[in-house]
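Next come the chains, spelled out residue by residue.
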Amino acid sequence: MLKEYTEQIREVAKRLLKDKVVDCVIGYRKGTVPMLDAPYIAYTEEEADNLIWSSFCVSNLAKFLIGRKGKSAIVAQGCISRSIVNLINENQVKRENVYIIGVWSPGMVDRRKVLEKFYDKEILEVEEDGDELIVKGKDFEGKEFEERISKNEVKRDNCFTCMHRNAVIYDEFVGEKGEETGGGNIDNVAAPWEKLSFDERWEAFRETFGSCIRCYACRNVCPLCYCSVCFVDESKPQWCGKTQDEADIFTFHILRAFHCAGRCVDCGACESACPMGIKVRRLTSKLEKDVRELYGYVPGLEIGAKPPLAVYRPDDPENFITP
Amino acid sequence: MYARRRFALLKSLLEYVGIESDRIHFTWISSAEAGKFQEKAKEIVEKVRKLGPAKKLVKDIRPKN
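Residue numbers (my numbering), protein chains in the order written: chain A, 1 to 323; chain B, 324 to 388.
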């Protein structure tokens, strides 16, 4: 089914480029590393033949729209289209400059889960076949292997609890609309540390984020992080140290999560981009749950919606205030 | 009013990470209520003192030698 999507996306892209409706088409092409498909911008019809759609498209393409001149088309599934709505609401992108090619997301595969399953072998190629993945490679003695695994076992964490797999806004929808939700219940898995005591929570936090090397890949891939000078780059005053001391690492992650409060759509690109495999979403999912419960707001669904931190209601909950 | 929303989320996030809830306080005081300010300050200092020195999110910047 994904092969049909690929062909239809290529056709739409070629048509849009030929009729000069857009200057370029932002999508994905096959990556050079197994299980990682790279973002790709096609400017001509020949280049449009490189576009694909698969279960390995894990970055967030909305980032490429920021500061882009001219009109662009973009291949967007549910979470990406919600990111685009967010950017339009924050005046970073104009609706007229974007032509959204809506698609359905099958739920992306988390390549680390696959690598863990084959920890004693080298994976050279992975193909998709319906609901399964065919993993091919060699073990460390040079013997080739080929194995099938179910996609459901290795899906990305946030794709399980996704509530909007089809694009929520689009100029054109490619293929048929698929199942809207991923089947998981976000309230069961969001904020897993709430059940722990304060000290246990701190230990869990230290363990999760302790291996951060401050590469800022999570910040660079997030479409919400578009400040011309990020708060970590400020030196007068220095809000956050740049060392790998624990306190600095934790300050960075807490503040970055807080800057995305009420704006994060849970696309999972930060977790996929982290070279250390850190579960960056543990913090943002807690904030997303809070915003949903306290203020009833889900980001990225409506153009023109007011951001939750820019409005207030007189009856906002205030049980946390010391009397 | 906007601060109320931001503070609710911040306190929730910091408690989620493991910082004790008695270390984070928020209260409405106007610049004319000096007496209340003094009382609040004493109260909060007492509560935090009971918790002892902070061990989390602490960075040692003394020179190492």
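Read the hints as simulated data drawn from the structure, not as lab findings.
Glycine residues also receive a C-beta, built at the ideal position from the N, C-alpha and C atoms.
Don't take every hint at face value.
Stated by the list, open to error - Going by beta-carbon spacing under 10 Å, a handful of chain B positions derived as facing chain A:
1) Leu333
2) Glu338
3) Tyr339
4) Phe349
5) Phe360
6) Val368
7) Glu369
8) Val371
Each hint, compared with the structure:
1. Leu333: Because about 6 Å separates leucine 333(B) from the closest Cβ in chain A, which is inside the 10 Å limit, the hint holds.
2. Glu338: holds (8 Å)
3. Tyr339: holds (5 Å)
4. Phe349: Holds, about 5 Å.
5. Phe360: Cβ of phenylalanine 360(B) sits 13 Å from chain A, so the hint is violated.
6. Val368: violated (13 Å)
7. Glu369: Since chain A brings no Cβ nearer than about 12 Å to glutamate 369(B), farther than 10 Å, the hint is violated.
8. Val371: It is violated, given that the least Cβ distance between valine 371(B) and chain A is near 12 Å, above 10 Å.
Hint check: violations occur at hints 5, 6, 7, 8; the rest are consistent with the structure.
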